[in-house]
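Q: Chains as they are written, first to last, in the numbering used here: chain A, 1 to 381; chain B, 1 to 169; chain C, 1 to 390.
These are computed hints drawn from the structure, not numbers from a lab.
Bear in mind that the values here come from a model prediction, so they are computed numbers and not experimental data.
Even for Gly, the Cβ is constructed at its ideal location relative to N, Cα and C.
Treat the hints with caution; some may be incorrect.
The calculated DSS-like cross-link candidates involving lysine-lysine, where the alpha carbons are at most 30 Å apart (straight line), are [stated by the list, open to error]: (1) B/Lys23 - C/Lys24; (2) A/Lys42 - C/Lys24; (3) B/Lys38 - A/Lys114; (4) C/Lys305 - C/Lys4; (5) B/Lys137 - C/Lys106; (6) C/Lys155 - C/Lys314; (7) B/Lys19 - C/Lys155; (8) A/Lys100 - C/Lys274; (9) B/Lys124 - C/Lys390; (10) B/Lys52 - B/Lys169; (11) B/Lys150 - B/Lys44; (12) A/Lys265 - C/Lys32; (13) A/Lys14 - B/Lys166; (14) C/Lys4 - B/Lys137; (15) B/Lys124 - B/Lys166; (16) C/Lys390 - A/Lys100; (17) B/Lys52 - A/Lys42; (18) B/Lys166 - C/Lys390; (19) A/Lys224 - A/Lys304; (20) C/Lys106 - C/Lys369.
Chain B stretches covered by chain C per the calculated footprint, using a threshold of three residues with CB under 8 Å from any CB of chain C [stated by the list, open to error]: (21) 47–57; (22) 72–79; (23) 82–91; (24) 143–154; (25) 157–166.
Below, each chain spelled out in residue letters.
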Amino acid sequence: MNVYIVGMGISLPKKSSSEFSFREMIYEAAIKAYKDANIEPKNVDIFVSVSEDFEEGTSIFDEYVPDQLGAVLKPVHTICADALTGLVSIYSLIKTGHFKIGVLEAHSKLSNVKNHSHLFAMGLDPVYIRPLEVNPYFIAGLEMAMFLDSRGYDELDAAFVVSKNKSNALTFGRSPFGTTITPEEVLFSEPVSEPLKRLDISPNADGACVFVIANEEVAKERKKDLIRILGLGFGGFTPNIEMWRGDAEYLEVASKKAYSMAGIKNPIKEIDFAEIDDTFSYKELQHIEALSLSRVGESAELLKEGFYDLDGELPVNTTGGNMGNGNLSLMNGARSLYDAVLQLRGHAGNVQLLDPETALVASWKGLPSASGAVVILKREG
Amino acid sequence: MKNLEGTPLDQESFEKVVKIEWKPKIEYEWDCGIAISKFLEGLKKGYILARKCNVCGRVLVPPRMFCELCFRPNDEWVTLSDEGEILTFSVCFVNWDATRREKPEIPAVIRLYGASPNIGILHKIGEAGDTLEEILKNIDIGTKVKAVWKKEEEREGAITDILYFKPIK
Amino acid sequence: MARKVGILGAGITKFMRRAKETGKELAFEAAKHALEEAGMDINEIDCVVISTAPDAFDGVHMKGDWLSDGAGAKKKPFMRSFVGGGSGVFSIIHGWYLVSSGFFDKCLIVAEEKMSSCMPHPQGAFNSIYDQFIERPLGVNLLWIFSLEMMRYMKVHKIPLETIALVAVKNKKNGLDHPCTQKGISGEYTVNDILNSEIIAYPVHRLMVSPVTDGAAAMVIAAEHEVKRRTDKPIWIEGVGFCLDTSYWTNRDLYYPKYVEYAARMAYEMAGIKDPRKEIHVVEPYDPFAYKELHHLEGLLLADKGEAPKLLEKGFWDRDTENGIPSSPSGGLLGVGNPIAAAGLMRVIEIYLQLKGEAGKRQVKREIKRGLAQAWGDLMQVGTVVILSK
Chain A
1 MNVYIVGMGI SLPKKSSSEF SFREMIYEAA IKAYKDANIE PKNVDIFVSV SEDFEEGTSI
61 FDEYVPDQLG AVLKPVHTIC ADALTGLVSI YSLIKTGHFK IGVLEAHSKL SNVKNHSHLF
121 AMGLDPVYIR PLEVNPYFIA GLEMAMFLDS RGYDELDAAF VVSKNKSNAL TFGRSPFGTT
181 ITPEEVLFSE PVSEPLKRLD ISPNADGACV FVIANEEVAK ERKKDLIRIL GLGFGGFTPN
241 IEMWRGDAEY LEVASKKAYS MAGIKNPIKE IDFAEIDDTF SYKELQHIEA LSLSRVGESA
301 ELLKEGFYDL DGELPVNTTG GNMGNGNLSL MNGARSLYDA VLQLRGHAGN VQLLDPETAL
361 VASWKGLPSA SGAVVILKRE G
Chain B
1 MKNLEGTPLD QESFEKVVKI EWKPKIEYEW DCGIAISKFL EGLKKGYILA RKCNVCGRVL
61 VPPRMFCELC FRPNDEWVTL SDEGEILTFS VCFVNWDATR REKPEIPAVI RLYGASPNIG
121 ILHKIGEAGD TLEEILKNID IGTKVKAVWK KEEEREGAIT DILYFKPIK
Chain C
1 MARKVGILGA GITKFMRRAK ETGKELAFEA AKHALEEAGM DINEIDCVVI STAPDAFDGV
61 HMKGDWLSDG AGAKKKPFMR SFVGGGSGVF SIIHGWYLVS SGFFDKCLIV AEEKMSSCMP
121 HPQGAFNSIY DQFIERPLGV NLLWIFSLEM MRYMKVHKIP LETIALVAVK NKKNGLDHPC
181 TQKGISGEYT VNDILNSEII AYPVHRLMVS PVTDGAAAMV IAAEHEVKRR TDKPIWIEGV
241 GFCLDTSYWT NRDLYYPKYV EYAARMAYEM AGIKDPRKEI HVVEPYDPFA YKELHHLEGL
301 LLADKGEAPK LLEKGFWDRD TENGIPSSPS GGLLGVGNPI AAAGLMRVIE IYLQLKGEAG
361 KRQVKREIKR GLAQAWGDLM QVGTVVILSK
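Take the sequences, apply the hints, and build the full model.
A: See the structure below:
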């Protein structure tokens, strides 16, 4: 029994969403998703929401999930991970055969956290690292240095990611952080934790996103826009940042499972485009390599050759990634998934690719985690 | 289930073990949104607002812009009475940090007149006595109560603009 | 399509007021014991499910990630599900769907809680469970929601306080035989002892509340073919259920836990159970507060509304009952302790041990083929139910 994405809705990413509560934003996304799927929430069997308490400023955020999704007195649970890991839950629940329709919700109200570095700090080991009181972006700085060094790349290579993605965002038009910027300009922005500069960091944003996932029986009632989940996986490495080696092992673990489920042997050839986490500039290159979308040490060259451009052989982050759409925290994977489905449905406007069939979406949970997930989608019908 | 692991510490040994202290410094500023903003503005002016869904007919407080059961935008603002009845209450002798209170406080769920059955809000009861015996004599489930407001010039658009509810005949 | 999922091993630490071990160390100890019983090496595990209650206890953001190496998830897929106090029982539901779906064959479930790190009192971590706009500014306190619910339940059914106290008497006595319990948590108490303990939030008395505890529990579950290959005494997960009610908790009649009923109905349907009062032979309902056990037994449809207290007086829920349904033979949270997520999984482990006939002094008298564990959480809002069978 195959599983499909049959509906989606979004409260668009923006720098601030001060006029709405999180409930009102999620409600907007939910209403759109149910309309898109042509179902009512009472027909949904299971709901999964992704959240982390300290990001919300609420303990047991699970409490505040059901109402705005139409999920009162329904089977609902929270996954404390990025949205794509939450998608694995929905997928698995449907695959047990006990449920037909599931809903996934993710959102970001990062603008409501007044001091982010303290949020990140709370994620660090309280004994070894927190007492050092270093701005937690140093982790990204260390990892970036290690990654660039191990591959023989330089800062300019990473800056090309920012340039490409912000340009894609500008072309797309919907993304709030689209602009024309040269890699050199990225290099000239203030250092945050060398080699990481201000413009190597995707800016925070708010938004909400809801998906309707269904089994084959339900999905086949739709004549068009059938997006099949071909494979997925999730993975972790270790929370001990001292042991990180500059590789994104979590996506190696996740993609191994996803490729094997999807029967993909040569991802570079078989994937038409990819939406990949680029919370920090170097992360896109690191993730591309972990996903085997280039050989280790070759992603920067391919990037500069235009291999990952909109008109390249394997476009990456067609709507601008997190650089262009903003860092939506646990919703990053959901926003990427949303845009991948737009592409597969042929609704991506100015950045529409020519008839794409197979897409890969990969997410990272964000600083200071070493966990993430991968989903492979295929258009049918 | 044999040889269970774990090293329990009594108060004395607990004070001796090596510890790391950390005070969270995260700050939040939550967007109240349309419904709650209007509700709080109402409190500042001295009235309690609810939203009505014209499909199920429920009058809902705390207000929200959608009916979570009919799953549609709800329809109109309704002003509730500042009198109502106690749906349930407690007489609480401890603070949040588990220290004991000299005088108990009385949290209660109160249904305001005008709201649908069982649609209550959380607040506190005052002027009901200082000891458990007095309080249990003065209030019960179903007791009629009325809001005691802060002076108008002191109100700030918060739930605490109502100081407490007091029992009335 | 759904694959049968069975249990291969369980591990647990002591439940302690304050543990010397860190959360990671507790998680490791429980996981190690579960793997040992399953006769497995961590490398044979496909994925790890982590369960732990609010991050605010430990003061660690992304607590699931932080615990992951202690829970054996290095370079492995791991996931943390979270439904507040319901998380412990939910963790096996989480593992069940990852295995039943065919996604993985062997799953390690680790539930951990270290509440004692939170200062000045872990209760403070619960203030932020309330609505931030119109409830927290009132100066809230965790005990409020329970005392408000208990009052409503007692008043609607006219239940005497003495009967509620009996739950604590029963569970604290049962707990004496549990290897995890510590002195002071379990014990021989009388109804008067319970009612003479300080009133903390009337009608709740101190001895009607499960104490703050540190501890961990773990289980190994696997798909049918793995289970049959590895054990002659398989215990199966027969049904699971979970349900979440509205977050507007002041908009509900608190006298009855509808969310537990819905979760139970889901599990009964999955397990093909028509008459739970005949087909459930032993039950571990969630009892962080004494009245909760009775409240939940009614929600589980094992007693009519308002009848659970009367059955309690008749000994229907006693461990050595012959015609009744033994409830909380483990001693529950009142008798063993309440390291939230770990306590939930401890209840599932008790059913597992009872079905295997390995509960020692706690073994129930009547013959049993099927048992149920349940937990509850959030703003008196979520029910999680799992049914195990021989």
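Q: What hints, given by number in increasing order, does this structure fail?
A: Numbers 2, 4, 5, 7, 9, 12, 13, 14, 18, 19, 21, 22 and 24 - these are the hints that the structure violates, sorted from lowest upward.
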